[in-house]
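The listed protein sequences derive, respectively, from chains A and B. Take the position in the first sequence, starting the count at 1, then add 12; the result is the number in this note's numbering. Take the position in the second sequence, starting the count at 1, then add 572; the result is the number in this note's numbering.
Hints in this document: simulated from the structure, not taken from any laboratory. One thing to keep in mind: the hints can contain errors.
To be verified - With a straight-line cut-off of 20 Å between C-alpha atoms, the simulated EDC-like cross-links for lysine to aspartate or glutamate are:
{"hint": "1", "chain 1": "A", "residue 1": "Lys-161", "chain 2": "B", "residue 2": "Asp-662"}
{"hint": "2", "chain 1": "A", "residue 1": "Lys-39", "chain 2": "B", "residue 2": "Asp-662"}
{"hint": "3", "chain 1": "B", "residue 1": "Lys-596", "chain 2": "B", "residue 2": "Asp-662"}
{"hint": "4", "chain 1": "B", "residue 1": "Lys-655", "chain 2": "A", "residue 2": "Asp-40"}
{"hint": "5", "chain 1": "B", "residue 1": "Lys-596", "chain 2": "B", "residue 2": "Asp-653"}
{"hint": "6", "chain 1": "A", "residue 1": "Lys-15", "chain 2": "B", "residue 2": "Asp-653"}
Just so it is clear, the structure is predicted and the values come from calculations on it, not from any experiment.
So the chains spell out like this:
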Amino acid sequence: MAKIMVYLVLALGIATVLFACGVLLTKDNLYAALYMSATLILIATMYTVYGIHSVFVLITFIFVGAIGIITIALAATYRFIPARKVNIYWIIPIAIVTAIMAYTYYLYAYQMSATIVRGCDLTTFPAIYLLMVVFLVSLMALLMLSAIKLVRGEGS
Amino acid sequence: MIWFLLIVSTVVLFIGYLTAISSKDLIRLLISLELMFGSVFLALIPLFMTMPLSAFGIAVITIFTSSSELLILIVAIMLTDKKYRTISIDTVSVGGDTID
Numbered sequence: 013m014a015k016i017m018v019y020l021v022l023a024l025g026i027a028t029v030l031f032a033c034g035v036l037l038t039k040d041n042l043y044a045a046l047y048m049s050a051t052l053i054l055i056a057t058m059y060t061v062y063g064i065h066s067v068f069v070l071i072t073f074i075f076v077g078a079i080g081i082i083t084i085a086l087a088a089t090y091r092f093i094p095a096r097k098v099n100i101y102w103i104i105p106i107a108i109v110t111a112i113m114a115y116t117y118y119l120y121a122y123q124m125s126a127t128i129v130r131g132c133d134l135t136t137f138p139a140i141y142l143l144m145v146v147f148l149v150s151l152m153a154l155l156m157l158s159a160i161k162l163v164r165g166e167g168s
Numbered sequence: 573m574i575w576f577l578l579i580v581s582t583v584v585l586f587i588g589y590l591t592a593i594s595s596k597d598l599i600r601l602l603i604s605l606e607l608m609f610g611s612v613f614l615a616l617i618p619l620f621m622t623m624p625l626s627a628f629g630i631a632v633i634t635i636f637t638s639s640s641e642l643l644i645l646i647v648a649i650m651l652t653d654k655k656y657r658t659i660s661i662d663t664v665s666v667g668g669d670t671i672d
């Protein structure tokens with residue numbers, strides 16, 4: 013069982029990186045959006061390997077299902093192939109972030125072992141974190157209102 | 573396998589960075605941001621091993637707030653196209669508000 017889990021995570025991880033490379037390498041925005049959606053679905057699938065089905069549902073339905081599809085529709089509408097330009101000085105912040113992450117992984121990654129996670133459920137979550145859910149809904153309502161204000165302000 | 577998950581997360585994050593800094597239109601920038609959020613979701617898996625309920629709370633907050641942010645960005649892209657008739661990144665990188 014554990015061996016199958018390891019092989020599954022390895023296969024999913026490699027496929028995730030390959031699809032992410034597709035986003036970087038493709039020149040067409042539509043294909044980039046499709047590769048991005050596939051990458052996110054693979055990431056969500058990794059959650060199911062560890063038994064975290066509720067997060068899989070959230071990522072797939074909300075992130076890929078709603079935002080990803082809108083992005084694909086936008087990319088299909090604005091489907092031109094732009095030229096690329098990369099400033100060489102961006103290597104400096106990337107190197108700094110790499111060093112910090114490598115040090116953190118070196119310190120903490122080997123202290124944890126991969127197991128199937130139990131105890132997080134979407135049905136019990138709102139009851140336990142009621143105040144947080146209320147704040148989250150308020151935050152999202154405010155963000156949506158700001159989007160409506162943006163559109164109305166532009167129209168008038 | 574935790575190290576493998578974190579490495580995959582880092583690689584996806586850097587691909588997102590590279591896509592963002594090499595993009596010349598706002599759609600590609602939006603796609604790269606979504607990719608970066610994807611790597612954040614992947615980096616959350618190790619937290620589920622030690623603190624499942626807290627990790628789930630963080631995952632819910634991350635998913636909903638990032639979705640809302642991306643929705644605002646989509647609206648901003650549409651408005652930029654409506655106003656400037658282009659979605660080139662140069663239209664926003666040379667812009668900015670002025671203080672009266």
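Structure versus earlier hints - violations, ascending order:
1, 4, 6
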